[in-house]
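Visitor: What follows is each chain in one-letter form.
Protein chains: 4
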Amino acid sequence: MATGKTTWTIPEGYIPEGSNGPEPEMLSHESVCILNTSDEDASIEITVYFTDRGPVGPFEKTIPAERTKHLRFNEFEEPEEIPTGTPFASVIESDVPVVCQHTRLDSRQAENALLSTIAYPSDS
Amino acid sequence: MATGKTTWTIPEGYIPEGSNGPEPEMLSHESVCILNTSDEDASIEITVYFTDRGPVGPFEKTIPAERTKHLRFNEFEEPEEIPTGTPFASVIESDVPVVCQHTRLDSRQAENALLSTIAYPSDS
Amino acid sequence: MATGKTTWTIPEGYIPEGSNGPEPEMLSHESVCILNTSDEDASIEITVYFTDRGPVGPFEKTIPAERTKHLRFNEFEEPEEIPTGTPFASVIESDVPVVCQHTRLDSRQAENALLSTIAYPSDS
Amino acid sequence: MATGKTTWTIPEGYIPEGSNGPEPEMLSHESVCILNTSDEDASIEITVYFTDRGPVGPFEKTIPAERTKHLRFNEFEEPEEIPTGTPFASVIESDVPVVCQHTRLDSRQAENALLSTIAYPSDS
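Chains as they are written, first to last, in our numbering: chain A, 1 to 124; chain B, 1 to 124; chain C, 1 to 124; chain D, 1 to 124.
Do not take every clue at face value.
Same chains, same label: a pair holds when it works inside one copy or across any pair of copies.
[As the list claims (entries may be wrong)] As a list, the in silico EDC-like pairs of lysine to aspartate or glutamate whose alpha-carbon atoms are at most 20 Å apart: (1) K61 <-> E17; (2) K61 <-> D39; (3) K5 <-> E93; (4) K61 <-> E81; (5) K5 <-> D123; (6) K61 <-> E78; (7) K5 <-> E60; (8) K61 <-> E80; (9) K61 <-> E40; (10) K61 <-> D95; (11) K5 <-> E78.
No lab work stands behind these hints, which were simulated from the structure alone.
Full structure from sequences and hints, please.
Guide: What follows is the structure, given as structure tokens:
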């Protein structure tokens, strides 16, 4: 069983600047959770879009067969780091069907806030 | 009338460690709300995926005809408990069409935070 | 232009017991926002499902042509009030296509929390 | 690659009255994030619907090729400003496929709350 699609889009992206509370669990973060239910490893390419410059990427990730990874945009390093406090968007492409969900934990103020949504699915 | 699909996916899963406020309503929890509008009971099988080990399940549940259940992953016991503070993902399969929504209440800090999204639907 | 579907499902439903802050804007509430972009009034029937008893409804509402209403489940009265602190689910049926979104404001603790998701669409 | 649809609907809309924290990042806001992955600029027309009067618009925006914009309804000026503390809804139409996500940051109380969902997609 391989559930999902090969292209996912998240128009909202923002890494809050600053955090309150113990790290890493209460560190402000912007993440994409990816589930690969197939029996093949998924090669993932993430392209990041900005407001005032061209897209950056691909950021390359692997989600092993029958595994999930909750990737934090904060921790992306190659080809470059994603700046904090800056609006962005992302497109996730996979060579096998996967399912993607977008989640933010914002702990800039004393009490954390959360948002989440299933990303927008399509097939390339 | 039976609205919905037979397979639902939730890539984001995380049971916060710790809570503030009176239980059970303010206990941190990760839940899937399932609605069965059909006139037959729904036999549900939930498979849970992790980052660094193979999937666990099925967790077996029943949603009676024309009823809803708001299941808390915190309370899953068979075949095993789901660890807190650990990223996971889940696939919900039903023998009749149902609709699933993912909700978290995080009360690790003094003021609670909420997230929710309709799960990703497909047919097996 | 009439965008949308005629049947919408919200598996998650819960009216928090208690609130903090000035009413009505900070009163804890569970709501469904409905947009009718068509040029005909929409006759809406909402059925509410529970965990341990049969469904209740229809709750009858009208969304005029080219108007939106943000309905609070707290304020439903006919055929009966919806109890607070109790899990429920809902199905919204319309005679013309509409779009539905589910939102909760939870102000049980000093600082409010929010959740929202587009409801699950289907056609009857 | 151009991912997305040409019509998007957001039934929930509300600009909270009042804010806490430093502006602009902690100013209460209601936003739609739009991603245009195509190689053509997207001409966007947003129509805003209300409860007790006819729709207003179009609000005209441009999302350049391969760019994202996170538009705040608070900042809309032409053909008129959108009132705070008032329920509304919106339909976003584009001449090329785009993807839209709805996000609110509510800082009326001392600690901010967040909600987000992918908007409802259709093709005109």
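Visitor: With reference to the structure, classify each hint as holding or not holding.
Guide: For each hint, the structure was consulted:
1. K61 <-> E17: Cα proximity of K61 and E17: none, with 25 Å in one copy and 28 Å across.
2. K61 <-> D39: So K61 and D39 pass the 20 Å test inside one copy only (17 Å; across, 26 Å).
3. K5 <-> E93: Cα proximity of K5 and E93: in one copy and across copies (9 Å, 18 Å).
4. K61 <-> E81: within (15 Å within a copy, 29 Å between copies)
5. K5 <-> D123: Cα proximity of K5 and D123: in one copy and across copies (6 Å, 13 Å).
6. K61 <-> E78: Classified as within; 10 Å inside a copy, 33 Å across copies.
7. K5 <-> E60: Result: close within a single copy only, 18 Å intra versus 26 Å inter.
8. K61 <-> E80: Answer is within: at 14 Å inside a copy they meet the 20 Å cutoff, but 30 Å across does not.
9. K61 <-> E40: within (14 Å within a copy, 29 Å between copies)
10. K61 <-> D95: Intra 11 Å, inter 33 Å, cutoff 20 Å: intra-copy only.
11. K5 <-> E78: Neither way: K5 and E78 sit 25 Å apart in one copy and 30 Å across, limit 20 Å.
Violation of the numbered hints given earlier is confined to hints 1, 11; the remaining hints are satisfied by the structure.
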